[in-house]
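Engineer: Whole structure, please, built from the sequences with the hints as guidance.
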Amino acid sequence: PDIVAPGTDIISCRSRGTLAGTLWGTGSAVLNNSASNHYTFSGGTSMSTPLTAGAAGVARQYLAGMQGMTNPSAAMLKALLVNGARSLTPGQYGTNEYREIPAAPRPNNVEGWGHVDLDNTLFPQGGRTNLFWDRQMVSTGRTNRYPLVVTGAGALNITLAWSDYPASLAAAQQLVNDLDLRLVTPSSSIVYPHGASGPDRTNNLLGIDVASAETGTNWIEVSGYNVPEGPQKFALMAKAEGWVPSLL
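If you count the sequence shown from 1, you need to add 606 to reach my numbering.
Hints were generated in silico from the structure; no laboratory data involved.
Some hints here could point you the wrong way.
Pair ranges (Cβ atoms, derived) [as the list claims (entries may be wrong)]:
1) 769 / 725: 24 to 30 Å
2) 750 / 697: 33 to 39 Å
3) 670 / 694: 35 to 41 Å
4) 795 / 769: 29 to 35 Å
5) 790 / 627: 54 to 60 Å
Please read these numbers as outputs of a predicted model, since none were measured by experiment.
Backbone N, C-alpha and C define an ideal beta-carbon position, used for all residues, glycine too.
Structural biologist: This is the structure:
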């Protein structure tokens with residue numbers, strides 16, 4: 607998955623329609639209140655999906671009302687939710703042979719990029735700030751560079767997302783427009799997505815997590831490795847204790 611959300615015994619609103627069911631039971635069984643028959647509880651994707659959809663709605667309101675994006679792209683919403691997701695590692699049963707969820711780096715095939723976390727997504731703590739670049743464009747062989755001045759040695763999270771061109775149903779690989787993301791630190795080290803040693807050739811959602819960022823000017827680079835149906839628009843965001851130089 608890209609992201610996960612709770613799906614066990616989630617209480618939500620019950621329809622007032624005369625034929626409305628009770629799913630796993632009405633809220634009265636949980637809240638001991640007859641008025642709570644307006645609520646019901648259930649689980650699985652029937653609850654985790656609308657929970658995430660609701661979070662996306664709040665995230666869109668945040669981008670429009672607090673970040674001045676009148677029409678944020680779908681890729682921007684995806685990047686924002688993924689950037690602020692929290693890992694559930696090691697899982698509910700502990701470590702060693704009982705471990706359910708791999709350790710960092712993100713993502714993994716159990717939880718994807720992690721658990722939806724609107725608090726950390728919209729209002730990051732520790733002096734960190736959300737920085738956005740939406741509807742940027744890149745073509746094959748071109749590189750966009752974004753300076754980020756990091757002022758504190760805290761965590762740095764970078765997410766790149768794009769709505770890819772549809773692939774042929776018979777294609778061996780579904781990715782059509784292949785973009786690259788990398789971070790060039792002030793010491794000239796290069797950091798690739800997902801803790802890998804090189805570019806990703808499979809996904810249209812890429813992320814870099816640095817536990818302790820180098821202070822000074824870091825450069826985020828987005829390149830068009832192979833963009834046959836371009837130019838490709840993309841959304842990029844970073845969360846760090848830092849700022850973007852206004853003159854660059």
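Engineer: Each hint should be assessed against the structure and marked as holding or not.
Structural biologist: Tested hints:
Between residue 769 and residue 725 the beta carbons are some 27 Å apart, a value that agrees with the proposed interval 24 to 30 Å. For residue 750 and residue 697, the hinted distance range of 33 to 39 Å is satisfied, since their beta carbons lie about 38 Å from each other. Roughly 30 Å separates the CB atoms of residue 670 and residue 694, a value that falls outside the hinted 35 to 41 Å. At roughly 31 Å, the beta-carbon separation of residue 795 and residue 769 lies within the given 29 to 35 Å, and the hint holds.
In this structure the supplied range 54 to 60 Å holds for residue 790 paired with residue 627, their Cβ-Cβ distance being about 56 Å.
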